[in-house]
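Asker: Chain residues, written in single-letter form:
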Amino acid sequence: MQTIKQLSDLLAAGKTSAVELAQDYLAKIDTLNPKLNAFVTVDADKTLAEARAADVLRAAGNAPLAGVPFGHKDIFCAEGWKTTCGSKMLDNFVSPYDSTVVAKMKAAGLVTLGRLNMDEFAMGSSNENSFYGAVKNPWDLNAVPGGSSGGSAAAVAAGLVPAATGTDTGGSIRQPASFCGITGIKPTYGIVSRYGMVAFASSLDQGGPMAHTAEDCALLLNVMAGFDERDSTSLEHAKEDYTRDLNVPLAGLRVGLPREYFAEGLASDVAAAIETAIAELKKLGATVVEISLPNTKLAIPAYYVIAPAEASSNLSRFDGVRYGHRAADYDGLTEMYEKTRAEGFGWEVKRRILTGAYVLSHGYYDAYYLQAQKIRRIIANDFQSAFAHCDVIAGPVAPNTAWNLGEKNADPVAMYLEDIYTLGVNLAGLPGMSVPVGFGSNGRPVGMQLIGNYFGEAKMLNVAYQFQQATDWHLKAPTL
Amino acid sequence: MKWEVVIGLEVHTQLTTKSKIFSPASTAFGAEPNTQTAVVDIALPGALPVMNRAAVEKAIQFGLAIGAKVNQRSIFARKNYFYPDLPKGYQISQFELPVVEGGQITINVDGVDKVINLTRAHLEEDAGKSLHGDFQHQTGIDLNRAGTPLLEIVSEPEMRSAAEAVAYAKALYSLVTWIGICDGNMQEGSFRCDVNVSVRPEGQKEFGTRREIKNLNSFRFIEQAIKYEVQWQIGEIEDGRKIQQATILFDPDTGETRMMRSKEDAHDYRYFPDPDLPPLVISNEWLERVRSELPELPVAMQVRFQQQYGIPAYDAATLTSSKALAAYYEAAVAAGADAKLASNWIMGDISATLNREEKDIDASPVSAVALAGLIKRVMDSTINNKTAKDVLKKMWEAGATDATAADVIIERDGLKQETDTGAIEAIVDAVLAANPKAIEEYRAGKEKALNSLVGQVMKGSGGKANPAMALELLKKKVG
Chain W
5 MQTIKQLSDL LAAGKTSAVE LAQDYLAKID TLNPKLNAFV TVDADKTLAE ARAADVLRAA
65 GNAPLAGVPF GHKDIFCAEG WKTTCGSKML DNFVSPYDST VVAKMKAAGL VTLGRLNMDE
125 FAMGSSNENS FYGAVKNPWD LNAVPGGSSG GSAAAVAAGL VPAATGTDTG GSIRQPASFC
185 GITGIKPTYG IVSRYGMVAF ASSLDQGGPM AHTAEDCALL LNVMAGFDER DSTSLEHAKE
245 DYTRDLNVPL AGLRVGLPRE YFAEGLASDV AAAIETAIAE LKKLGATVVE ISLPNTKLAI
305 PAYYVIAPAE ASSNLSRFDG VRYGHRAADY DGLTEMYEKT RAEGFGWEVK RRILTGAYVL
365 SHGYYDAYYL QAQKIRRIIA NDFQSAFAHC DVIAGPVAPN TAWNLGEKNA DPVAMYLEDI
425 YTLGVNLAGL PGMSVPVGFG SNGRPVGMQL IGNYFGEAKM LNVAYQFQQA TDWHLKAPTL
Chain A
202 MKWEVVIGLE VHTQLTTKSK IFSPASTAFG AEPNTQTAVV DIALPGALPV MNRAAVEKAI
262 QFGLAIGAKV NQRSIFARKN YFYPDLPKGY QISQFELPVV EGGQITINVD GVDKVINLTR
322 AHLEEDAGKS LHGDFQHQTG IDLNRAGTPL LEIVSEPEMR SAAEAVAYAK ALYSLVTWIG
382 ICDGNMQEGS FRCDVNVSVR PEGQKEFGTR REIKNLNSFR FIEQAIKYEV QWQIGEIEDG
442 RKIQQATILF DPDTGETRMM RSKEDAHDYR YFPDPDLPPL VISNEWLERV RSELPELPVA
502 MQVRFQQQYG IPAYDAATLT SSKALAAYYE AAVAAGADAK LASNWIMGDI SATLNREEKD
562 IDASPVSAVA LAGLIKRVMD STINNKTAKD VLKKMWEAGA TDATAADVII ERDGLKQETD
622 TGAIEAIVDA VLAANPKAIE EYRAGKEKAL NSLVGQVMKG SGGKANPAMA LELLKKKVG
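Residue numbers (the working numbering), protein chains in the order written: chain W, 5 to 484; chain A, 202 to 680.
Chain W extracted, bound-state conformation (with noise of 0.2 Å):
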């Protein structure tokens, strides 16, 4: 296992090139994708036209992260990769354009390694509901990895790629980072780019890192984040290092744990976990208060109407009339419709479209979708009075740890609910994360959340830092 810090003291010293890292890591995922499917596309001749770009750049100066390679969530549009976002109805798409995520990158000589599977349109949270087939957990290959970047997380944990990149829309990052014992932030909205991100819920979607280390997560936020006036949701912030305060003493910091995401419903041996971990950042000086997010359950309402009434929005572009699948034999225009999308898009897919037409249409409109929006006013309320006792935020991010694939698949709302810690953060806009903690009884890996306020990045990941300097459960590889 190689993080991205390592990974670039190597190319700095010369002991080795862009390109050889791209073949060794093409190697590995010769041999060990067909395990995992976390791979919807490989192009090693891309790959290594970039990783020559990038001894380039690197030559010429001042690119410390040029030669590095990762991944990207096949969410992001990459000019002449195909961006196929997990879905039938994307399989023949072929990006014309970068995203900004995309572009910044390339701009800092990372050099991706492929693109990597996810739940169609994000919407999962176990990775089976890909049209390329589920991805499978490195640590388990019976358990899920998590969604909906588990191509991302798996890919990182199995150390196919040292780091990529994820959206987090409901916890995409944080859970599948968690059920693979990996790190993964998701940002501030606002704080990324959604430029060439394919939309899943405009107001929720944020991009993001996914890799071993807190540090390396720094190390790509610095990329990754800037506001993009393309973009009108991004913050005019300030461009911000986000490695500053990684070595700050944890001396005096004040972490609040919220009594409702330890209560009934999280299994015990994920507690048992958290509860080490928070013990371990005491030692580091923190000290523990108890806070109260008293709306925590009317997130998963919330969230079920406002995200997917934004997909139903988002997806109608996706009509067969100008890219994308469309049916072969149709009779007329709305038999063209009817046919492509039902043959383009996946259950979850529809079920989430026929949930959010349904909360927007005419009648209805007042009982859910306004209603779901007072209710995230009052999540992010909540928020905000905690965050007057505390600094930062630490809990679970799932209750459970990865299940079997297939599990849950018959219980969709089963599913739902196993969002209930991460869902939260989506709706009040704030950055969060997840750190390995340790593994469950079965053997899983388990992850702590934490939150942080606005534009907390820097605090969150001093946090994860100085607990990552004081433990390895970060450095754990699954065997292959």
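Do not take every clue at face value.
Here's a subset of chain A near chain W, in silico, CB distances under 8 Å, partners left out [what the hints assert, rightly or not]:
no. : residue
1   : Leu245
2   : Pro246
3   : Gly247
4   : Leu249
5   : Val251
6   : Asn281
7   : Pro288
8   : Tyr291
9   : Ile342
10  : Phe473
Computed spacing ranges between beta-carbons, pair by pair [claimed, not checked]:
no. : chain 1 : residue 1 : chain 2 : residue 2 : range
11  : A       : Glu233    : W       : Glu83     : 20 to 30 Å
12  : W       : Ala414    : A       : Asn235    : 40 to 50 Å
13  : W       : Gln375    : A       : Glu465    : 24 to 34 Å
Hints are computed from structural coordinates only; laboratory data are not their basis.
By construction, the Cβ of each residue, glycine as well, lies at the ideal position given by its N, Cα and C atoms.
Fit chain A to the given chain W structure using the hints.
Answerer: Here is chain A on its own, set in the frame of chain W:
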């Protein structure tokens, strides 16, 4: 039974911005299909809209021009429906909180002023075009127009006749072109009207059920469509049928309206605030800057023309019917033309000739300065009015931009008015000798009898005599 007609208009005005409302692509008309399309206009996955400030500014201008409330915080919403020329599957528009609310426009029908209240005006994007005729069994889609900024201007249902509706549309048209937010090119669809029509028995308070005539792009069609629709609705009711709410189309070839979709087929647009666009916030500074830069509006200009130039209200209204005409008038006066004479010439010969040649004042071959040069020669009696008309004709044909254009023609063609009393006296004597009867009548008290003699003197002088001088001489000799 007597019926009252109730009409309200929704007008889509294309705003004259260089780029689209949410994308950097050009809005120019007439390019090859699908060549003016950015990722936003094709609705590629991941594409995001970015508000064009110029479009907002034009909406503010409109709001201020009609005395409306400009909402300093307004919301963009998505209007969801599927159609091939609507690439995102939704149109970005404004629904609950539009940028402009209220405002008034004054119309004049048969000399009577009437104030029409506006409900709102909101920003939205245009759709692309479906080309049904160009391919066999296929429909072509051109997305060049997709994303063109529109200001949809909605009136209250306060018009009571086709004539009022047309007057309103024309007044609105004149205003949006005056303040320069719309190019007014109706053939290219820059100004499109949806007309809501209903009828009710005179004296009834409740509105009748309305039908909406879509997409009328000429004032004549508006009038024809309303007239036909009103008769149709009255006919239906009188035959005992009820009017069903519907969207209808007007066919200019047959002059009839026909059903497009009934209320039952109406879409549920599932409006909701667009999460890709934060609320549109207009600062005080922005609002005040636009206010200070707003051109003088027609109504204010009419008042000023009456005061500054001492011309009648009718003249002032006519001269301010377009910004270009008003500018032409002011330029002529500034160049030394008498204010009332300039008004007469512009409303008379100039407008008549322009109309005949289907030209705008901008395309007038005689410039305001050249016209002033001509009028000055009338003012100083170098030529008389009749000669001046001939000179103008010659100036028109040759094109005249200089202040001296009239002088050159007068000199060249020897048209200078005869002011030599001796020369005119000889003609007067000859005319008097040939018309003893007229002299008798004049002496008997019929003042007008000499007027015909003036004409003969003019004729005898080849048009060059000064008519006033001729009359004076005639009176002297006869009296």
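Asker: With reference to the structure, classify each hint as holding or not holding.
Answerer: Against the structure, the hints:
This hint holds: A/Leu245 has a C-beta 7 Å from the nearest C-beta of chain W, less than the 8 Å allowed. Annotation: A/Pro246 was flagged as interfacial toward chain W, and the flag holds, the nearest CB pair being 4 Å apart, inside 8 Å. Interface hint at A/Gly247: satisfied, since its Cβ lies 4 Å from the closest Cβ of chain W, which is below the 8 Å cut-off. A hinted interface residue such as A/Leu249 counts as satisfied when its beta carbon comes closer than 8 Å to some beta carbon of chain W; here the least separation is about 5 Å, so the hint holds.
The beta carbon of A/Val251 comes within 5 Å of a beta carbon in chain W, closer than 8 Å, and the hint placing it at the interface holds. Taken as an interface hint, A/Asn281 checks out: its beta carbon lies about 5 Å from the nearest beta carbon of chain W, inside 8 Å. With a cut of 8 Å, the hint placing A/Pro288 at the interface with chain W holds, because the nearest CB-to-CB distance is about 6 Å. Nearest Cβ of chain W to the Cβ of A/Tyr291: about 5 Å, under the 8 Å cut. The hint holds.
Below 8 Å, beta-carbon pairs count as interface contacts, and A/Ile342 has one with chain W at about 7 Å; its hint therefore holds. Hint on A/Phe473 holds. Least Cβ distance to chain W is approximately 5 Å, under the 8 Å limit. Between A/Glu233 and W/Glu83 the Cβ separation comes to about 24 Å, which falls inside the hinted range of 20 to 30 Å. Restraint check, W/Ala414 to A/Asn235: a C-beta distance of roughly 46 Å satisfies the suggested window 40 to 50 Å.
At roughly 29 Å, the beta-carbon separation of W/Gln375 and A/Glu465 lies within the given 24 to 34 Å, and the hint holds.
Hint check: no violations occur; every hint is consistent with the structure.
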